[in-house]
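Place chain V on chain Z using the hints.
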Amino acid sequence: MIRILNQLIGLYVREIKNTFRSPAIIVLSIIQPLLWIIFFGSSFASAPRAFLEDFFHTDNYIAFLVSGQLSTSMLFVGMFSSLSLIQDKKSGYLRRIMVTPTRNYTIFLSKVLGASTRGMLQVPVVFAGVMLFGVQVPDIIGIAAFIVSLFLLSLGLSSIYLFLTMKSSDWQIPTVVSNFINLPLMFSSTALFPNENFPTWMQVISNLNPVSFSSTFGREIIISGSIANANWLLFFYLLIFATIMLLIGVIVASKTLKID
Amino acid sequence: MYGSQTAVDQINLQIKSGSIFGLLGPNGAGKTTVIKMLTGLSKPTQGKALVAGYDVTTHSLKVKENIGWISSEVILDDSLTIMENIWIQSRLHSMNNTWKKKATGLLKYLELDEKDNKKVGKFSTGMKKKLEIIMALLHDPKVLFMDEPTIGLDANSRRLLWRLIRKINAQYGVTILLTTHYIEEADVLCDDIAIINNGKIVATGSPQHLKSRASGDIVEIDFFSYFDYKVLDSVSGILKIIEIGLDNSDKEKRTRSESSLRLRIKVRNAETILPELISKISEFQPALIKSIKIEKPNLESAFLELTGRRFEEMEETTYDQK
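Protein sequence lines, in the order shown, are assigned to chains Z and V.
Position 171 of the first sequence, counting from 1, maps to 171 under the working numbering, and the rest follow consecutively.
Position 175 of the second sequence, counting from 1, maps to 175 under the working numbering, and the rest follow consecutively.
Be a bit skeptical, because a hint or two may be false.
Calculated cross-link-like contacts (lysine-lysine; reagent style BS3-like; alpha-carbon spacing at most 25 Å) [to be verified]: (1) LYS258/Z with LYS36/V; (2) LYS255/Z with LYS36/V; (3) LYS122/V with LYS108/V.
Stretches of chain Z that chain V covers, calculated by requiring three or more beta carbons in the stretch to come under 8 Å of a beta carbon on chain V [to be verified]: (4) 15 to 21; (5) 86 to 99; (6) 188 to 197.
No lab work stands behind these hints: they were computed from the structure.
Cβ atoms here follow ideal geometry from the backbone N, Cα and C, with glycine treated the same way.
So here's chain Z without its partners, still in its complex pose (with noise of 0.2 Å):
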């Protein structure tokens, strides 16, 4: 178990160092999700008060918008762990990595904890920047339930992207994934807009999607400002999702992650 632990930590630092390789792309993907807030939330800033509090139950998009960005965002951040993993094949360190004995999981593990820390960089922007344009931020508590539930999401949607893509060496294969799997989940969530104007089947969807997981649950600690309100059904749920993605993604690394 401590040799387990020892080499995850090896590969777990490396990811973040890579991380803060180019401090340049670092803060354009930090700050790409909070001008997609400000840009799109003040879509509905004209919009009367009534509609607003009867369609969305506040009075301010960006408000409604924060947990649904943030949440999105996870999706594009399961990416990176494909990509990085692409990145060690192609360099030859992978091969550096399986002569010694760390087992496919512990590396598959590193990946995803690497991508979603490099996820959770954007929540402190985020909530900073939407402070200017009238959002309450929660309380301390409440942030930290979010961020938890944001990681959990980040950890399942990870896990899905590497061991879709274990086998590839092929830089295209997560960038055709992400246009695969990323809108749909995105739009059939209710990240955007709430599902209570979804067609059956849509609903449907939004209900098993966990995006709307950590979108509603987000949302609910953001306009309420404490975890008073939230449904923790919800949290619940993340855990079983991050929790069943994740030994699937232990299991298929276990068995096909190999060097070309």
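The following block gives chain V in isolation, referenced to the frame of chain Z:
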């Protein structure tokens, strides 16, 4: 096997603990495949291999705990410093706090101690190779695998690395299995060699033993034009004459008018035979000889004896097939 292609075919090797063992063969012979199987990167289709006393198929993690590996290409994280690269290696082998002391000692031994906080991307190939050696030795492996360790290095750097490899073997007692397609490297470095060709081991033994299998000298003569070299059969001391460059069907079609001919003549003793050989050729046609090369028994000629072709010819064929 890779799909329907057999990369390594029924090899049987025993390597003495503490020795430097060379796997010598041209490109595409199967050397890297052997290393991949022994380091657990590839599963053998059949057969058994024990490394440091552990089965590579059933106890691959135990094998990996006891081996170090240096690839033919330099594989490091260029964006990290020397110490960061070494630290990651120490984590992967779950080393305790002794890793730093060991690393410091190795850095000093290999003269990299003043650069330990610099990013690896800025180093020369030779320095990166040294770092790879440090990382491979950090956890005190019993066996060190080196896949074409001097490829891409200039002659001087190559000799320095040979010296280093011998020092490491003497200092740390680690068994070294290296693959190479440089005959001189195998001859100079290795206690024992296995010659591999087309996935099969064609000979094993010490360099001295293998050289002794190449009985006789080889005289290679380039001619300006073709002539009927059967006249040379009467020269005593000639063991074999081979025409290089043509297969049997083409030899049938060859005519006198065609230019150039190269013969590889195996003889008992070149110095004794050469005068008579030249005299016989000159009798037939003066000024026919373009150049003469004499080769005393060496690994190159041993390879030639065992496979019927020179190393360069094997490598050219592999290159053409690609």
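For each hint, the structure was consulted:
1. LYS258/Z with LYS36/V: Holds: LYS258/Z and LYS36/V sit about 12 Å apart, inside 25 Å.
2. LYS255/Z with LYS36/V: 18 Å, holds
3. LYS122/V with LYS108/V: Satisfied, since the Cα-Cα distance of roughly 19 Å is no more than 25 Å.
4. 15 to 21: holds (count 3)
5. 86 to 99: That given contact holds, which follows from 8 residues of the segment 86 to 99 of chain Z lying within Cβ reach (below 8 Å) of chain V.
6. 188 to 197: violated (count 0)
Consistency with the previously given hints fails for number 6 only.
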